[in-house]
Amino acid sequence: MNGKPEGIASFYERKSRRDAVFGRQNVDIVEFNQEDVAVVEVRGRIDTTTSGEFGERLLGQIEAGARRVLVDLTHVAYISSAGFRALLIVGKQCEEKGRNFGLCGLSREVQRLFEIGTFDELFQIFPTRPEAISKLSSA
Amino acid sequence: MTQERFTLSNRIESLSALADAIEAFGERNGLPRSVVNDVNVALDEHLNNILSYAYVDGDEHEIIVDIETDNGSVIVAITDDGLAFDPLAVPTPEVSGSIGTRAVGGLGIHFIRSLMDECRYERKTGRNRLVLRKKISS
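In order, the protein sequence lines correspond to chains A and B. The number in my numbering is simply the position in the first sequence, starting from 1, with 5 added. The number in my numbering is simply the position in the second sequence, starting from 1, with 2 added.
Just chain A, with the same shape it has in the complex (with noise of 0.2 Å):
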């Protein structure tokens, strides 16, 4: 319980001996491909019990090698900082394996969180997924 900031083979450590000790939880999340771009849409909330296999999932699709990956919000209560976590880490992927990354659908209240930790600078963000998949699929 300290406030240093762990690098991401820690995060994954610590992760998976507590996945080993808590077992795993599911969220909803669905994905499916739209104009060449991979769409994954998660519903309910993404936090401490939920990030590990939001993560996941998003890792999988940058595994299976699309190259274009959305993240719709639209359903989505909160994020706390385990889920940016696990953005962030997608998002470094993505950096290093040149994979357009990109976010859509933030209610006001989601908004506001990723300006708290001022994620809002680092990430692709569209009001719409319409407006996403345009531009995602045309870069």
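Derived by calculation from the structure, the hints in this document are not laboratory data. Warning: the hint list may mix true and false statements.
Unchecked claim - Label-pair distances were calculated between CB atoms; the ranges are:
#1 B/Ser11 / A/Gln39: 39 to 47 Å
#2 A/Glu126 / B/Lys137: 26 to 34 Å
#3 B/Ser100 / A/Thr79: 21 to 29 Å
#4 B/Ile66 / A/Thr133: 41 to 49 Å
#5 A/Pro132 / B/Thr9: 36 to 44 Å
#6 B/Glu124 / A/Gln39: 46 to 54 Å
#7 A/Thr133 / B/Asp83: 41 to 49 Å
#8 A/Asp41 / B/Ala91: 46 to 54 Å
#9 B/Glu6 / A/Asp125: 16 to 24 Å
#10 A/Arg113 / B/Asp83: 36 to 44 Å
#11 B/Arg135 / A/Glu126: 26 to 34 Å
#12 A/Gly65 / B/Arg35: 50 to 58 Å
#13 A/Pro132 / B/Arg35: 18 to 26 Å
#14 B/Leu85 / A/Gln39: 44 to 52 Å
Predicted, not measured: the structure shown is a model, and the values here were computed from it. C-beta atoms are modelled at their ideal positions from N, C-alpha and C, and glycine is treated no differently.
Use these hints to put chain B onto chain A, whose structure you have.
Structure of chain B alone, referenced to chain A:
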């Protein structure tokens, strides 16, 4: 004034049930959705820290969450018998930089401070107690 107490074990499975219970408390008391969400984010941050770092013995422990509405605010108190730790003493982490340089941890306390109107910590009789207050109008 409405008051409720939730007792959970130090297992990750407890967290989603607590978030559901806080939502139900909010609905029963007519709290704005934004206030309930902010309280749930703050609880998730603090409980994540407790589950990750407060217990070193591998035993089951009780964590108590008291919630009440009082005088235009929601007040949440989280009590645990883990290692002594004052989360409010942790400095604010760096929240700038590019995606390649941003740290992936240490943001929980920053979220709690930013979302709540007041945070107070005390260590008493071997227990940590964090009290959070959120104005209902905000």
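- Going through the earlier hints one by one, which of them does the structure break, listed in rising order? 9, 12
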